[in-house]
Each structure stands twice: as structure tokens, then as C-alpha cells.
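Note that the protein sequences, when read in sequence, are chains A and B.
Sequential numbering of the first sequence, starting at 1, is according to this note's numbering.
Sequential numbering of the second sequence, starting at 1, is according to this note's numbering.
Any given hint could turn out to be false.
Examples of chain A residues lying across from chain B (beta carbon under 8 Å, computed) [claimed, not checked]: (1) E11; (2) A13; (3) T103; (4) L106; (5) N107; (6) E114; (7) S119; (8) M121; (9) P123; (10) L140; (11) G142.
For the record, the hints were derived by calculation from the structure and aren't laboratory data.
Glycine is no exception: its CB is placed at the ideal position from the N, C-alpha and C atoms.
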Amino acid sequence: MTEKAWMLLLEGAWVTLWISGLASAMGLVIGLAIALLRTARIPVVDQILAVYVSLARATPLVTLVLFLFLAAPTLGLSLDRYAVAIVALTINTSAFNAEIWRTAFLNFPRDQQEAALASGMTPATMFANIMLPQMIITSLPGLVNEMTFLLKSSPAIAIIGLVDLTRVTNRISAVTYEPLPPILAAALIYMVIISVLLKLQSLAEKMAGRLAM
Amino acid sequence: MSDLPAVEIRKLSKSFSGVEVLRDIDLTVNKGEVVSVLGSSGSGKSTMLRCINWLEEPDSGSVFIAGQRIGYNSDKQRPMTNREMAATRARTGMVFQSFNLWPHLTVSQNVAISPIKVKGMPKAQARDLATQLLEKVGLGDKAEVYPFTLSGGQKQRVAIARALAMSPEVMLFDEPTSALDPERVGEVLQVMRDLSGEGYTMVVVTHEMEFARMVSDQVVFLDKGLIIEKAPPEIFFTNPASERVRRFLDRQD
Ligand SMILES: Nc1ncnc2c1ncn2[C@@H]1O[C@H](COP(=O)(O)OP(=O)(O)O)[C@@H](O)[C@H]1O
Ligand SMILES: [Mg+2]
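Sequences and hints are given; from them, build the entire structure.
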């Protein structure tokens with residue numbers, strides 16, 4: 001592969017990385033917000049969120065990207081392709097993250113909560129100081145897992161013309177007429193990114209293990 | 001203020017799904033008193049203790065902590081807000097059977113966090129307080145370790161230090177030695193004996209007859225949600241009024 005080809009490949013990798021990274025970060029926070037709202041069991045709101053989560057989880061990412069891209073203008077929204085991609089990825093991953101956070105919340109030991117309340121903490125103080133730090137640690141393995149899923153399904157954004165790490169290999173082979181090297185190189189880059197995430201995940205699992213007294 | 005009882009329970013009743021667990025409980029715990037609560041398993045001891053700090057909400061009746069009603073704002077004639085509830089609970093300290101330490105915090109942090117987050121105590125001062133309380137329970141050298149490294153008896157002593165850190169009006173103990181290995185029971189009872197010697201007000205649900213006999217000012221016996229005997233230990237253990245208590249004591253030794 002030429003230097004030019006590598007440059008293109010890295011540009012594609014960058015698009016994949018920043019779009020997935022941004023969506024992951026937003027998905028973490030939005031997922032947590034959804035989970036908390038759901039545990040509050042506010043009538044109507046709870047049902048709406050439950051439907052949102054099921055729909056977002058059931059819709060293939062490609063379908064969601066395409067749908068948002070086509071639907072945005074009819075809703076009077078002028079989103080550029082990048083915005084559509086980020087919104088779609090965020091909707092998808094926040095729904096999965098919400099379930100991970102919710103499980104951590106629902107499984108949080110009742111007796112630790114009672115100790116916190118008994119010592120005079122308000123529910124908010126208890127959440128911030130006792131529950132959330134432990135929920136982050138116990139959820140991290142699942143959350144990182146979800147990040148790798150998102151990264152691996154991110155080539156879906158090519159359907160609206162974005163040139164990500166997968167799509168760019170097409171462009172390169174269109175010039176070089178050698179399809180194999182660029183796709184192998186792309187696979188290698190995916191593996192590097194994901195192995196960094198997996199490293200993080202095993203670290204998280206170790207920390208989680210320490211909490212289980 | 002100082003002559004108000006530390007805890008006053010009036011006509012407390014509580015049911016779980018239609019089954020009455022507490023019936024018209026009346027109990028006064030004066031400042032500096034140690035009250036032991038005895039009774040067989042399922043008689044409502046934990047429920048009564050948990051109603052004192054409103055971890056369990058009674059169906060009727062009221063509880064006063066040093067004169068302040070818990071759960072209900074008497075001035076404004078409405079249930080307490082979360083904030084009012086927390087402020088009132090902070091005046092009680094609770095020690096649980098299963099310790100319930102917070103595993104993500106060091107021993108010192110377990111003790112210091114509520115003074116910092118609830119009372120707004122400066123961190124350095126809270127750390128000093130934690131050090132001092134951990135020394136009091138014989139764990140001065142364990143301040144920086146995490147709870148998972150401790151034995152049950154040590155965990156329970158940390159839990160006692162944690163409850164003491166809020167300077168409560170009353171310490172509530174729910175079978176604090178029941179989850180311990182037999183050889184670890186003594187160290188926890190010793191700490192509790194020391195506390196009573198220092199004048200702490202304590203309500204102790206326990207099966208330790210020796211502790212109840214030696215340390216309590218009053219012994220209360222619960223049977224099917226009713227207080228059927230309330231007496232100083234010298235009377236309770238030698239000449240109880242009720243046949244039920246006599247049978248209970250016979251079975252103990
Ligand atoms: N949260 C609860 N829900 C339903 N029943 C409960 C609950 N807590 C306690 N009970 C029941 O109330 C009765 C008294 O329980 P408890 O106060 O724990 O007794 P003790 O501490 O004296 O063993 C028992 O029959 C128990 O099963
Ligand atoms: Mg009990």
C-alpha cells in the first residue's frame with residue numbers, strides 16, 4: 001500500500017473513532033439519565049422510556065441511520081450527515097447503556113443503602129457518594145463491551161455517504177485495484193482499537209471484583 | 001432539652017401485608033440508658049428498631065428522637081421531606097447485623113464520609129475524627145485499608161465507629177454479633193460495654209444474655225409484636241412476671 005493509501009485509511013479510522021467515541025460518551029450519560037428516570041417509575045414517562053429503549057434496541061443501526069437521514073428534513077431539521085450519524089449511534093448505544101445502568105441500580109445492595117440513609121444521607125447524597133461510584137465500577141465491563149459493539153457496527157454510517165474506516169477501503173481499492181491489502185489493514189486497525197478497549201475492560205473487571213467483598 | 005428522653009415510642013403499630021408485626025408499642029429510652037430488646041426470631045425486634053429511624057415506616061403511632069418527632073413535621077403538619085428525614089435520622093446511629101460497610105471506601109472514609117457530606121465537616125477534621133474513633137474501637141492501624149480485608153469482628157467495630165461519627169443521640173444495634181464467628185463476638189461486645197460506660201444511649205437487639213444482664217438498665221421482651229415484659233435486668237432475669245419470658249430464659253442455658 002502507498003503512503004497515500006495509508007493516509008486515507010487513517011482518515012477513515014479517525015472518522016470512525018471520533019463519531020463512535022462521541023456517541024459512546026453521550027450514550028453513557030444519556031443512558032444513565034434514562035435508567036434513573038425509569039427507576040423513579042414516573043407513570044407515562046416510564047412507559048415512554050421503556051418503548052424508546054425497546055425500539056432503539058430492536059432497530060438495526062443501518063436502518064436507524066438511514067431513517068434519521070431521510071426523516072430529518074421532513075421534520076424540518078437540517079442535520080448534516082455527521083450529525084445524523086452521531087444522533088443515530090447515540091440513540092442506539094444509550095438504549096443498551098440504559099439497561100446496563102438500570103441493572104446496576106436495581107441490583108445495588110439494599111443494606112448499603114440503608115446504612116447510608118441511617119447515617120443521615122439524603123437519597124441524592126447517597127446516590128452520588130455511595131451508589132454511583134460502585135455502579136460505575138460494576139457497570140464498566142458491560143459499558144466497555146457495548147462500546148466495542150458500537151464501534152463494530154459503526155460502518156453503518158457509510159450508508160449516508162460518510163467515509164469511515166470500512167468505507168475508505170473501497171475508495172483505496174478503486175484506485176489500486178487491490179482490494180485485499182486495505183481491508184486487511186482496516187481490520188488490523190479495528191483490532192488495535194478494540195484491544196485497547198478490552199484491556200480497559202479487564203481492568204474494570206478487576207476493580208469490580210474488589211467490590212464483591 | 002436535656003431531660004427529654006433520647007427515644008420515645010408511642011402506640012407504634014406496623015403490619016406487613018396484613019400481618020401485624022408490632023402492636024401498640026410504647027417505649028421510653030432515657031438519656032444514658034442501655035435498653036436490651038430480647039425475643040425469639042420473628043417477634044418484631046428488628047422492625048421495632050427500624051421504626052425508630054424510619055427505615056421502616058410504621059402504620060400508626062409516633063417516634064420522638066430527643067423530643068423531635070421523626071417522619072412527620074409537626075410544625076407544618078405534613079410528612080417530612082427527604083431532607084428533614086435525613087437530618088432527623090442523623091441524630092440516630094445504627095449498627096446492622098451484616099455490618100453494611102461501603103466497600104468502595106477505605107475504613108477511614110467509611111467513618112468520615114457522613115460527617116463530611118451530611119454535616120459539612122471539613123475533610124481534615126473528619127479524618128481526625130475517624131482516626132480518633134477507630135482508635136477507640138481498637139482499629140487505629142486499619143484506617144487506610146478497604147473493608148474486604150477485615151474480619152467480621154473488625155468490620156463491625158468499623159460500623160460502630162461510623163455510627164458514632166455522627167454523634168447520635170442514640171445508638172441502635174440490631175443483633176450486632178449474630179453474624180460473627182464465636183471467637184469474634186467478645187471484641188464487639190467489649191466495645192459496646194465501653195460505650196455504655198461512657199454514657200452512650202443504646203438500644204440493643206441481642207441474643208447475648210450475659211450482655212443484657214450485665215450492661216442493660218432495662219430489658220424489654222417482645223412476643224408476637226407485643227412488649228410483654230419490661231424490667232431492670234436484676235428482675236427480668238430472676239423474677240420475670242410472664243410465664244412466656246420464664247420459658248424463654250429456661251431455653252437459653
Ligand atoms: N420487609 C418485610 N416484609 C414482609 N414481612 C416482613 C418484613 N420485615 C419483617 N417481616 C416479618 O415481620 C415479622 C417480624 O420480623 P422482624 O422484626 O425481623 O423480627 P425479629 O427481628 O424479631 O426476628 C416476621 O414475621 C417477618 O417475616
Ligand atoms: Mg431481627
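So, going through the hints one by one against the coordinates:
Interface hint status for A/E11: violated, as the beta-carbon distance to the closest one in chain B is roughly 42 Å, over 8 Å. Of the supplied interface hints, the one on A/A13 is violated, with its beta-carbon coming no nearer than about 36 Å to a beta-carbon of chain B, more than 8 Å. Annotation: A/T103 was flagged as interfacial toward chain B, and the flag is violated, the nearest CB pair being 18 Å apart, outside 8 Å. Interface hint at A/L106: violated, since its Cβ lies 18 Å from the closest Cβ of chain B, which is beyond the 8 Å cut-off.
Of the supplied interface hints, the one on A/N107 is violated, with its beta-carbon coming no nearer than about 14 Å to a beta-carbon of chain B, more than 8 Å. Taking 8 Å as the C-beta contact cut-off toward chain B, the hint placing A/E114 at the interface holds, the least distance being around 6 Å. Satisfaction of the interface hint for A/S119 is found here, the shortest Cβ-Cβ separation to chain B being roughly 4 Å, below the 8 Å cut-off. Because the closest C-beta pair between A/M121 and chain B is about 6 Å apart, less than 8 Å, the hint holds.
Hint status for A/P123 relative to chain B: holds, with the closest Cβ pair at about 6 Å, below 8 Å. The beta carbon of A/L140 comes no nearer than 13 Å to any beta carbon in chain B, farther than 8 Å, and the hint placing it at the interface is violated. Taken as an interface hint, A/G142 does not check out: its beta carbon lies about 18 Å from the nearest beta carbon of chain B, beyond 8 Å.
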